[in-house]
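**Q** This is what each chain is made of:
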Amino acid sequence: MSESIESILDRCLEEMEKGRSVEECLSRYPQWRDELAPILRMATRLRSAPEVEPSAAFRQRAAIRMANLVAARKEPVTKPPRLRYIDGERQGLQKRERRFAMSFVLIALLIASLVAGGGTVYASQDALPGDPLYGVKMLVEDTRLLINADEIGDAELHLEFATERLEEAATLVAQGRPDFVEDLMAEYAEEMEAALAPLADGVDDEEIDLLEGLGETLTHHQTVLARVRAQVQDRTRSAVQRAMEVCGAVSEVGEEDDGFVNPTGADPHPVGERLAQRYDVTYDEIMTWFYDGFGFGEIAWAYSISSLIEHQEVDVAYLFALREEGWGWSEIMQELGLIVRPPDDAGPPDDAGPPDDSGPPDDAGPPNDAGPPDKAGPPDEAEPPDEAGPPDDAGPPDDAGPPDDAGPPDDAGPPDDAGPPTR
Amino acid sequence: MAEDATNRSCEEGLVRQAVQGDAEAFGALYGLYLDAIYKYIYYRTGNAVVAEDLTEHTFLKAWSGIGNYEQQGIRFSSWLYRIARNTVIDYYRTKREEVPFASEPPTLAKEEGLGPEALLLRREEVKELQHAISQLPEEQQQVIILRFVEGLSHRQVSEIMGKSESACRVIQHRALIALRRLFSEVK
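The listed protein sequences derive, respectively, from chains W and C.
Quick note on the working numbering: the first sequence kicks off at 1145 and runs consecutively.
Quick note on the working numbering: the second sequence kicks off at -18 and runs consecutively.
Treat the hints with care, since some could be wrong.
Chain W side only, calculated, beta carbon under 10 Å to chain C, not exhaustive [claimed, not checked]:
1) Asp1154
2) Ile1183
3) Met1186
4) Glu1197
5) Ser1199
6) Ala1206
In short, the hints are calculated from the structure, not lab data.
Where a beta carbon is used, it is the ideal one built from N, C-alpha and C, also for glycine.
All chains should be modelled from the sequences, with the hints used to inform the complete structure.
**A** What follows is the structure, given as structure tokens:
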């Protein structure tokens, strides 16, 4: 049975939607060319017509009227908590809630703006507490949570918002406006706890992805928190300290009382596999160190350094033994002649290797809280290990190896007589 | 495809909350569908002021009747389009003889960057198209607007119109021929 003209028309319209021209469609149905050509051109004209939309004035008027009418049918409601920063207004911390008839108008306007690419929403993204647009920024966050349907997506959003609160605090402190920092720290803690809520009852495949991204984020958080703490005083400092404790607690997810466990639950662990491949050793060897309590970042440093040293005694086991004795990576590298000790003992230069107290660089994994506290690196990041460094089990990053430019330079090879350091 | 599924899932969540009386969730749905419903009504009426008024009525009716939504067994947006269609029909039935609202030019989605002359031309293009569509029988108007202005699938159009997909295809074919003829007559 031959295909009807209606079906052929429809097929052509579908193909045109995918980018085919009218002429290409017509060439496939030459017997229908005369009939199809004018109506396909008509369809093209319809599809390319300018889009109409409601005026901005109508959007605002209608949203307010709708809000009033909707509210008239429901119980009166309170002000959205996140509007508390507008025009410098501050109220006590409240939990995120999602049921405000008055926020109807804001939500409606916001989503309409997002759909239409609203400039106000875009402009609000750099707003800080106290700025007029900060309420819009909070609303954008609330709305993203509202329209997100899955638990892991919510967790990722909370993590993103926690990072945002930290950045805001750091910016305010840098601008000499620490007034809101205390509240921001409390919000940070709340966001972090919300982010980890899905992991409370075990870890599944999706949550592994969340955990794998967590290590790097926590390292960044600890760095920013340490910087903020160094620049604030008294109550605000205590608030930052509490936020650091939350960050530290978050990094312990996956650790159980009866010993160290693979925090991601993945078997085989993808980062372990990559490290084994990179350093040409067995997966089991990598995981043995991992289950001994060394993070993937640490393992990457050990194999990286070991590969630069010819001396037979300086193997990975030896390097890990030094770490357990309290040696920092830059100390070890100095002793092995891989980097030159700075003249004023102010910590290693930025491009010479990892600072003792920070472990591998950001993309190499979370720091291992290693390095003697009295041998501080750069002052801003030189927090005591128990406050500034998440433990190894905070979750390995995607790329666990040290970056090419973070290790010793090519011409900084070990001296011929490089042997094991002694203490 | 995955994005569609995610959006659908988000929307279903909002609808569930709205059905339970969550005004904020309904506000989110309002924000999501405001433009689409307005556009549909504008092409049905050809008057920006009337379209604004009827758009508000549509959403108010939706909020009033949302408790019955789940019994309809169709997607939320289809339900909204049905309400919008009935609102337009009611408008023509009851207000036809009254003095119409002053007609204002339609607001275009991408007016920024257009010079006054280009803006005028584009608005004229919309008005000309709308006028031609308004000459079609009601069913054909429905299909043309839903398919080509709103960009909906036959499946959803058939859901909104309560007809089979093949019936909608036939209506689409006839509507395009009629529209083409109307434009030819003008020129």
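**Q** Are the hints correct? Go through all of them and say.
**A** Status of the hints after comparison with the structure:
no., hint, in the structure
1, Asp1154, "6 Å, holds"
2, Ile1183, "4 Å, holds"
3, Met1186, "4 Å, holds"
4, Glu1197, "5 Å, holds"
5, Ser1199, "5 Å, holds"
6, Ala1206, "5 Å, holds"
In this structure, none of the earlier numbered hints is contradicted; all agree with it.
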